[in-house]
Every structure is written in C-alpha cells, then in structure tokens.
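Trainee: Sequence:
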Amino acid sequence: TIADSNVTIINSDYLFLQTSGQSNVSLIDSHMCEFIPRDFFGTIIFENGLWTCAGEILGNIPHHSMENDFTIKGSLKIEGVRENLQWKDAQVTREYDVIVKDENDNPAKGALIKIDGKTYVSDNTGKAKFSLILNESTYIEPKILEVLEGENLISQKEIDFFTETPIIIIKD
Numbered sequence: 087t088i089a090d091s092n093v094t095i096i097n098s099d100y101l102f103l104q105t106s107g108q109s110n111v112s113l114i115d116s117h118m119c120e121f122i123p124r125d126f127f128g129t130i131i132f133e134n135g136l137w138t139c140a141g142e143i144l145g146n147i148p149h150h151s152m153e154n155d156f157t158i159k160g161s162l163k164i165e166g167v168r169e170n171l172q173w174k175d176a177q178v179t180r181e182y183d184v185i186v187k188d189e190n191d192n193p194a195k196g197a198l199i200k201i202d203g204k205t206y207v208s209d210n211t212g213k214a215k216f217s218l219i220l221n222e223s224t225y226i227e228p229k230i231l232e233v234l235e236g237e238n239l240i241s242q243k244e245i246d247f248f249t250e251t252p253i254i255i256i257k258d
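What the sequence shown shows, in this note's numbering, is residues 87 to 258, in sequence order.
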C-alpha cells in the first residue's frame, strides 16, 4: 500500500499496486498486474508501463474505498483488464499523449487533434496532449479522435480508458 507518498518504481514485474491519499506514483519499465486505488486523489505516471489482469476503481464502499478521483498519465499499454475491471462511483482523469508523424516518420507540426468538443494542435515535435474525465458510465464509451491537416481529415480513431498511449498517428 502506498499512502500519501511520492514513490518511483523501476523495472518491477507483476506488481500488485494499492494507492491512497495524495500519492504521486511513477512506474518506469514496470508491469502492474492488479491496481486497486483506495481513496486515491493523486497521480500515477507510467513510463513504458504495462497493466494486465485486473483492477478495482471503486467508491462509496465502506471499509474499502469511499472515493477515488485520480489522474493517470504517461505511456501505458493495458491488456486483459477490460473484462476484469470493476468501476463504480469513481472518477479518473486520463491524460493521453498523441504523436502525429508523416509517412517518413517525421513529426507533423500543426496537425489539429479534435476530441470531445475540443481542439488541440501538435507542436514542433508532432506531439499534443488531451485529457478525458471518465467515470463508470463513460470509461468504455468510445470517443472519436479526429486528426486533421487544415480541413483534411487524415485519421480517425476510437479512444476509451483502455487506449494505449502514446497514441501514434501516421498521416498518409
């Protein structure tokens, strides 16, 4: 259990992670098999992270977790969790990194990224960030990410809580 702490975990395999309070947790080159936040209001940052198996993002359950409202950032691949995630009465802000490249693998500066009624612009390195606030009703409800160059649609992709980050878009 990590409570009200700043922790960095590097090269961990098959980690069972339980966070709480205002903790800030960084997982670098690590594999988390199960994630159970309990009254967690901090941030978890992944760098080349993998989450498999299961999780419980729950609130309003006495002696377990009354509330969760935390942020997930960074590069994360989620596998096998969709079927094994319990989510109830909790909120997560998921920050998504987007990288837009041309057909020669060069950064695409100035691409418009539209999602959830908002527009973002890729920087000189082809990167942009956006966040979605998700709850038990919206975490599996796909949002449409559109990438445009000027008025031309160059890519469309469905995004939900489980989408791998960074999201890499190759324009033709």
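Source of the hints: derived by calculation from the structure; they are not laboratory data. Just so we're clear, the structure is a prediction, and the values are computed from it rather than from any experiment. Any given hint might turn out to be false.
As the list claims (entries may be wrong) - Here are the computed lysine to aspartate or glutamate pairs in the DMTMM-like style, where the Cα-Cα straight-line distance is at most 20 Å:
{"no.": "1", "residue 1": "K200", "residue 2": "E181"}
{"no.": "2", "residue 1": "K257", "residue 2": "E227"}
{"no.": "3", "residue 1": "K195", "residue 2": "E227"}
{"no.": "4", "residue 1": "K213", "residue 2": "D183"}
{"no.": "5", "residue 1": "K257", "residue 2": "E235"}
{"no.": "6", "residue 1": "K174", "residue 2": "D99"}
{"no.": "7", "residue 1": "K200", "residue 2": "E227"}
{"no.": "8", "residue 1": "K229", "residue 2": "D246"}
{"no.": "9", "residue 1": "K200", "residue 2": "E153"}
{"no.": "10", "residue 1": "K229", "residue 2": "E244"}
{"no.": "11", "residue 1": "K163", "residue 2": "E227"}
{"no.": "12", "residue 1": "K215", "residue 2": "D188"}
{"no.": "13", "residue 1": "K200", "residue 2": "E244"}
{"no.": "14", "residue 1": "K243", "residue 2": "D155"}
Claimed, not checked - Simulated restraints on C-beta separations:
{"no.": "15", "residue 1": "F102", "residue 2": "N210", "range": "24 to 30 Å"}
{"no.": "16", "residue 1": "D90", "residue 2": "N238", "range": "19 to 25 Å"}
{"no.": "17", "residue 1": "Q104", "residue 2": "E133", "range": "19 to 25 Å"}
{"no.": "18", "residue 1": "K257", "residue 2": "P148", "range": "28 to 34 Å"}
{"no.": "19", "residue 1": "E169", "residue 2": "D115", "range": "22 to 28 Å"}
{"no.": "20", "residue 1": "E165", "residue 2": "I114", "range": "14 to 20 Å"}
We treat Cβ as the ideally placed atom computed from N, Cα and C, and that holds for glycine.
Trainee: Each hint should be assessed against the structure and marked as holding or not.
Mentor: Right, here's what the structure says about each hint:
no.: 1; hint: K200 - E181; result: 14 Å, holds
no.: 2; hint: K257 - E227; result: 25 Å, violated
no.: 3; hint: K195 - E227; result: 29 Å, violated
no.: 4; hint: K213 - D183; result: 7 Å, holds
no.: 5; hint: K257 - E235; result: 9 Å, holds
no.: 6; hint: K174 - D99; result: 27 Å, violated
no.: 7; hint: K200 - E227; result: 17 Å, holds
no.: 8; hint: K229 - D246; result: 6 Å, holds
no.: 9; hint: K200 - E153; result: 31 Å, violated
no.: 10; hint: K229 - E244; result: 6 Å, holds
no.: 11; hint: K163 - E227; result: 18 Å, holds
no.: 12; hint: K215 - D188; result: 18 Å, holds
no.: 13; hint: K200 - E244; result: 12 Å, holds
no.: 14; hint: K243 - D155; result: 26 Å, violated
no.: 15; hint: F102 - N210: 24 to 30 Å; result: 40 Å, violated
no.: 16; hint: D90 - N238: 19 to 25 Å; result: 49 Å, violated
no.: 17; hint: Q104 - E133: 19 to 25 Å; result: 20 Å, holds
no.: 18; hint: K257 - P148: 28 to 34 Å; result: 51 Å, violated
no.: 19; hint: E169 - D115: 22 to 28 Å; result: 26 Å, holds
no.: 20; hint: E165 - I114: 14 to 20 Å; result: 18 Å, holds
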